[in-house]
Structure formats: structure tokens, C-alpha cells
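K.L.:
Model the full assembly from the supplied sequences, consistent with the hints where possible.
Number of protein chains: 2
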Amino acid sequence: MREKRIVEVLRGRMTDRVPIWLMRQAGRYLPEYRALRAQAKDFLDFCYRPALATEATLQPLRRYDLDAAIVFSDILVVPHALGVRVEFREGEGPVLETVTSEADLTRLSVRKVAERLEPVYRTIAAVRTELDQEKALIGFAGSPWTLAVYMLEGRSGVGGLEAKAAAIGKAAFVGRLIEVLVEAVVEHLDRQIVAGAEVVQLFDSWAGVLDAAGFERLVIEPTRAIVQALKRRHPEVPVIGFPRGAGTGCARYAVLTGVDGLSIDSQIRAAWAREHLGEVRALQGNLDNMWLREGGGAMLARADEILGQLGGRPLIFNLGHGVLPETRPEHVTALVEHVHAWRA
Amino acid sequence: MREKRIVEVLRGRMTDRVPIWLMRQAGRYLPEYRALRAQAKDFLDFCYRPALATEATLQPLRRYDLDAAIVFSDILVVPHALGVRVEFREGEGPVLETVTSEADLTRLSVRKVAERLEPVYRTIAAVRTELDQEKALIGFAGSPWTLAVYMLEGRSGVGGLEAKAAAIGKAAFVGRLIEVLVEAVVEHLDRQIVAGAEVVQLFDSWAGVLDAAGFERLVIEPTRAIVQALKRRHPEVPVIGFPRGAGTGCARYAVLTGVDGLSIDSQIRAAWAREHLGEVRALQGNLDNMWLREGGGAMLARADEILGQLGGRPLIFNLGHGVLPETRPEHVTALVEHVHAWRA
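Protein chains in written order, with numbering that gives the first Met the number 0: chain A, 0 to 343; chain B, 0 to 343.
Rather than coming from a laboratory, the hints here were simulated on the basis of the structure. Do not rely on the hints blindly, as some may be mistaken.
A pair counts as met if it fits within one copy or between any two copies, since identical chains are not told apart.
Capping the alpha-carbon separation at 20 Å, the derived lysine to aspartate or glutamate pairs in EDC-like fashion look like this [what the hints assert, rightly or not]:
{"id": "1", "residue 1": "K169", "residue 2": "E293"}
{"id": "2", "residue 1": "K111", "residue 2": "D189"}
{"id": "3", "residue 1": "K40", "residue 2": "E293"}
{"id": "4", "residue 1": "K111", "residue 2": "E182"}
{"id": "5", "residue 1": "K230", "residue 2": "D44"}
{"id": "6", "residue 1": "K169", "residue 2": "E325"}
{"id": "7", "residue 1": "K230", "residue 2": "D64"}
{"id": "8", "residue 1": "K169", "residue 2": "E89"}
{"id": "9", "residue 1": "K169", "residue 2": "E220"}
Since the model is a prediction, treat every value here as computed from it, not as a measurement.
P.N.:
Quick look at the structure:
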């Protein structure tokens with residue numbers, strides 16, 4: 000049996016068409032998602048009910064000819080499974096119990112992560128049986144640094160500055176927190192793969208706040224540790240890394256972490272990526288989500304610029320960041336068709 | 000008479016020591032600044048009273064052997080002088096009347112900018128007479144895109160996303176707003192130079208939110224227009240550009256805008272800068288302000304990494320972003336001494 004297009008591309012091979020999926024392809028911009036969401040009592044309950052999460056995962060695949068499904072879940076399930084109180088408040092974003100002392104750290108329980116996240120693995124298994132055989136199923140986790148930012152700051156509004164201060168002023172403590180998170184993330188991704196995920200992606204949404212030295216220590220090193228651990232257990236499963244906002248750091252990340260695919264945000268010029276990110280087997284990205292929201296010829300012209308620069312080598316078309324809630328679903332239809340029709 | 004060190008460096012020449020100044024070197028971390036600030040009725044009043052602004056400009060030079068003073072002012076004086084209502088609310092940041100329609104645009108009056116900003120030029124003239132002849136005096140302005148973000152969004156909390164949406168959905172309108180701002184910024188910088196500024200810096204704090212295409216159109220092009228206009232009037236005055244968060248875009252910015260100096264934020268690895276930013280005469284930066292807040296040996300070690308990579312060519316030592324309010328003044332003393340003692 001032929002491998003799925005996205006897997007092929009992540010092995011560094013070209014396929015008959017450029018595959019595409021979109022970060023947050025399941026989400027509030029879809030009316031059927033909003034209806035489904037209303038059935039859960041809160042966002043975590045939604046993530047932990049396999050029947051609902053399976054349906055949310057599959058909804059965009061029913062509408063669009065996307066090349067992959069990504070399990071419907073959230074990066075904060077890992078801190079939650081470690082024993083941290085996590086609450087999603089409407090219109091306010093997540094609020095977490097902070098982890099700022101050695102005592103807090105001792106209470107985190109890596110041992111229980113896989114058991115507590117069993118509903119995620121059941122969702123993956125259910126999606127895999129329903130999903131078209133041509134489509135890849137992607138599992139994911141937040142990267143240690145990004146999870147640490149939420150755990151150190153308690154809410155996302157602080158913008159990573161407090162976490163960065165801790166990474167400098169309490170470096171040993173933050174180092175230990177990162178170690179715990181590396182272990183938990185490996186466990187969570189391993190179980191997702193066992194359940195049926197064929198590709199995994201690491202989201203490092205807060206990679207951009209660190210200085211170059213911090214990026215090396217808190218983004219590159221933990222990511223490399225995770226990739227190595229996963230490759231020992233599942234050498235055949237490709238890993239995509241997404242160090243959002245990493246700018247020039249992407250080049251080192253591509254070389255040093257061992258990821259198969261590098262997802263690049265919209266700030267990175269496609270021409271620059273072509274020239275400087277050749278070390279990685281495949282690139283993913285990098286249309287600005289604002290163009291998808293805008294739609295029309297302007298969106299397709301931007302997509303063509305990216306395809307023109309990067310489509311001649313292994314590329315997974317995607318956004319530079321998640322689909323915005325105000326996006327009209329028809330824009331996704333147009334984009335998917337356009338990317339699939341494109342030829343190098 | 001020998002040129003001032005910072006000017007020398009911006010001409011691409013090495014000097015006897017690496018010169019240093021710090022963004023927000025005049026500011027809340029200094030007790031004498033807080034005392035002075037209490038004499039003004041609000042922040043704009045503070046900026047517009049030459050006696051106070053002159054003293055604020057000179058305060059850090061009294062404490063530290065810095066190589067430059069930067070006129071105490073704010074980037075939002077330009078929208079204010081154009082006729083936009085600007086208010087600085089305690090603990091909340093600036094709030095502006097938004098400029099979102101053609102009618103709003105018509106009300107902006109470039110003609111009055113220089114007249115309304117006369118107090119800034121008086122401050123510069125006063126500082127120049129008091130400032131040690133060895134020290135350079137830097138004038139500055141916000142870059143058009145960054146000013147446009149504030150004018151389109153009204154407050155800084157929205158994080159540039161609304162402005163980016165406007166740049167895409169109302170491209171022609173935003174283009175006209177940028178044109179007005181180019182003209183106003185040229186006028187304001189020209190007058191600062193006439194009053195005695197020997198170097199000018201353009202702050203583009205919101206450069207990082209744009210995608211690669213937007214960066215080209217809204218950061219690089221207007222900056223080039225400003226640099227060209229200034230060079231026609233004052234060919235001998237160096238211009239420093241600071242496209243904060245621009246990541247890989249810095250390389251094109253360095254080549255295409257014509258700036259003499261490029262200020263780089265902390266995210267950029269010094270080794271990368273050495274390799275890829277050779278087109279510009281001088282670099283400036285790039286110590287993370289969090290290290291200055293931390294102080295001690297760790298701060299000096301980071302400074303040494305930067306000096307080791309970049310000190311062998313023309314460099315103005317600075318931070319990657321402004322001094323944080325919680326910084327202890329002694330840390331600045333230690334940093335300035337350390338940088339001055341360093342030899343390639």
C-alpha cells in the first residue's frame with residue numbers, strides 16, 4: 000500500500016500533489032463545530048469525550064478534501080494530566096494553577112499522564128477507523144517551553160515575559176520543570192502513535208519570546224530529547240516541529256532537533272526558507288491566516304507565491320498560525336482546491 | 000575634531016572601545032526619573048515640557064558613562080501632532096482616537112507637525128548645549144507601520160492583528176495612511192536633526208506581526224522612503240533602523256532600506272547576525288533586557304557572547320528592547336563598565 004501523501008512528503012519525497020491541512024481546521028469558524036461544542040459542559044469536557052472529539056476531528060474532513068485530520072484536543076491536556084488545575088473561561092482563554100516552586104513540581108505526576116489522557120487515545124482510535132485510508136491522522140502536543148510558559152504564568156495574557164524572567168532568574172527550577180514536561184510529552188505522543196497517529200506535531204507557540212541563548216536551551220534541546228525518544232520507539236513515525244516566532248532560530252532548529260518536518264510561520268519569507276532551511280526533509284506552512292480570512296484572488300496570489308518558492312521540494316501546505324474564528328468556510332474550499340490543482 | 004564614537008561606528012569604522020547606550024535608558028527604573036515625572040500632569044505634558052524632558056534625557060548620562068543620550072520623547076507624539084487624540088493612562092498604556100476612514104485621514108495635518116512638536120526640538124537644542132562633547136545625541140521617531148498599528152487599533156492590547164487585517168482588507172486606505180506617516184516622520188526627524196540630533200533612530204516595534212509580503216510593503220518600503228528623504232537633506236547624519244521582531248526579514252531590511260545601522264532584538268543569534276547582516280555598516284543590540292534586570296555574572300557572560308561574535312566589527316552595544324522598569328540601576332553601571340573594558 001502506498002504511504003499517505005503527508006507521510007511521503009515527510010520522508011522527503013514528492014507526491015502527485017501538494018498536500019494540505021490547516022492548523023485549527025476544526026474550530027469555531029465552522030457552524031457544525033459550534034453546534035457540537037454546545038453539547039459539552041466546558042472545553043476540557045469537550046476534549047475528553049471521545050464521541051464529541053472524534054466528530055470535531057472529522058468535521059473539516061467532511062467538508063474539505065484535506066490530506067490530514069488532526070486529533071481534536073488541546074496542548075493544555077498535558078499540564079492537566081500532570082495534576083495542574085486548568086480552566087477554560089469563555090472569552091478569556093485558559094487559566095492554570097501556577098507551578099512556581101519545588102513543592103509544586105513534586106506534585107506533578109508523569110506516571111498518570113497516559114492513564115488520564117486515555118480519552119484522547121480512544122478518540123484517535125475512533126478517528127482512524129472512520130477516516131479515509133488516503134488521509135493521515137496527526138497527533139500533537141505542546142512543546143515543553145510553551146507548556147512551561149502557561150504553567151509559570153497561569154494565563155496567556157502575560158505574554159511569556161514572566162516565564163522568561165523565571166528561565167533566567169530560576170534557571171535550575173525551570174530546567175527541572177522542562178525535564179518533567181519532556182517526559183510527559185514523550186509519553187503522550189507515544190500513546191497517540193500507539194493509538195493510530197501516523198504523524199505527530201510539536202507546537203511551540205511561545206518559542207519567539209526567548210533570546211537566542213534561551214531558545215537553544217529551552218526550545219532546541221528539549222525538542223531534540225523528545226524527537227530522539229520518539230524515534231527510538233517509533234522510527235517510522237515522522238515528527239513535525241513548529242517553533243512559532245522563532246525567526247532566524249528556525250535554521251538551527253531544523254538542523255539540531257532531528258524533526259522530519261519544519262512548520263514555518265508567516266513571518267518567514269518563503270524565498271528565505273528555500274535558501275536556508277534545506278536541511279529538513281519537508282517544510283510546512285506558511286500562508287498568513289489573515290489571507291485565508293480575506294479569501295479571494297489576493298489569498299490565492301499569496302498561496303501561489305508560497306507554492307512557487309517552496310512547492311518544488313517536499314511541502315505540506317498550511318497556515319502560519321491557526322484558522323481565525325471569523326474565517327468563512329468557503330475560503331477553505333477555494334484554498335484546498337487551488338493548492339491541489341497547483342503543479343510545480 | 001574627532002567624530003563621536005557612535006557616529007564613527009555608524010560610518011563603518013572601529014573606535015577605541017565599543018560604544019553603548021540603552022533603549023529606555025531614561026525611565027521608570029531610575030528614582031530621579033520617577034521624581035521628575037511626578038512634576039508633570041501627564042505623560043504627554045512631560046514630553047512637551049523642555050525643562051523636564053531635557054533633564055530626563057540627561058539623567059542617565061549623569062549616572063553612567065553612556066556614549067549617547069536619546070531625546071526624551073515618545074513615538075506617539077507624531078500621531079498627536081497630526082491631530083489624533085492620544086492619552087496615556089496609568090498602568091494601561093496609550094489610548095488613541097482611531098483613524099479608520101478616509102474622513103479621518105483627511106483630518107490629519109502634516110503641515111502642523113513641526114510646529115506642534117517645537118518643544119521636542121527645543122529639548123534637543125537644550126540637551127546639546129549641556130551634553131558632553133564626546134557624547135552623541137540621538138533623535139527618533141516611530142516607523143510608519145508601528146504608528147499605523149496604534150492609529151488603526153487605538154490601543155496596544157490588540158497586538159497588531161486588527162491593523163494587519165486592515166493592511167490586507169483595506170490595503171489602499173492603509174497605504175495612504177502610511178504615506179501621510181512617511182511625510183510626518185521625515186518632517187519630524189529633519190527638524191530634530193536641525194535642532195542638534197547627530198543620529199536618528201526609527202523604531203518599528205510592530206514589524207514582527209506582518210507576514211513576509213506585508214513586511215516588504217509596510218516596513219521596508221516606507222523605511223527606504225524615509226531614509227532617502229533624510230539623506231537628501233542631511234547626507235552626513237546616520238540613520239539606525241530597529242525592525243523589532245522582524246526575524247529573517249532583518250537581512251532584506253539591512254540591504255534594501257539604506258539604513259546605516261541595524262538594531263537587532265534579542266531573538267537574533269549574534270552568530271547569525273555576523274554571518275547574514277554584513278551588508279549594513281554597523282549593528283546595534285542585542286542583549287535581552289531580562290539579563291540586565293538579572294544582572295551579575297550571568298548578564299556579563301551574555302554580554303561577552305555578543306561582544307565575542309559582533310565586537311570585531313562596528314557595533315553599538317545596546318539591548319534587544321527597552322530597559323525594564325524593575326531593573327536595578329547598579330546593573331547598568333556594571334554593564335557599561337564591562338562593555339567599555341572589552342577589547343576585540
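K.L.:
Please go over all the hints and tell whether each is borne out by the structure.
P.N.:
Now for the hints, and whether the structure bears them out:
With identical chains, the CA atoms of K169 and E293 are at most 20 Å apart between copies only, with a shortest distance of 10 Å across copies and 44 Å within one. When the C-alpha separation of K111 and D189 is checked against a cutoff of 20 Å, the pair qualifies only within one copy, where the shortest distance is 14 Å, while the shortest distance between copies is 65 Å. Taking identical chains as interchangeable, the C-alpha atoms of K40 and E293 are never at most 20 Å apart, the minima being 32 Å within one chain and 44 Å between chains. Taking the closest pair of Cα atoms, K111 and E182 come within 20 Å of each other only inside a single copy of the chain (12 Å); across copies the shortest separation is 62 Å, beyond that limit.
Taking CA atoms no more than 20 Å apart as the test, K230 paired with D44 passes in neither setting, with 32 Å inside one copy and 61 Å between copies. Taking the shortest Cα distances, K169 and E325 sit within 20 Å of each other only across copies (17 Å), while inside one copy they are farther apart (40 Å). In this assembly of identical chains, the alpha carbons of K230 and D64 never lie at most 20 Å apart, being 30 Å within a copy and 54 Å across copies at closest. For the homomeric pair K169 and E89, neither the shortest alpha-carbon distance inside one copy (32 Å) nor that between copies (30 Å) is at most 20 Å.
In this homomeric assembly, K169 and E220 come within 20 Å of each other (Cα to Cα) only inside a single copy, at 18 Å, whereas the closest approach across copies is 42 Å.
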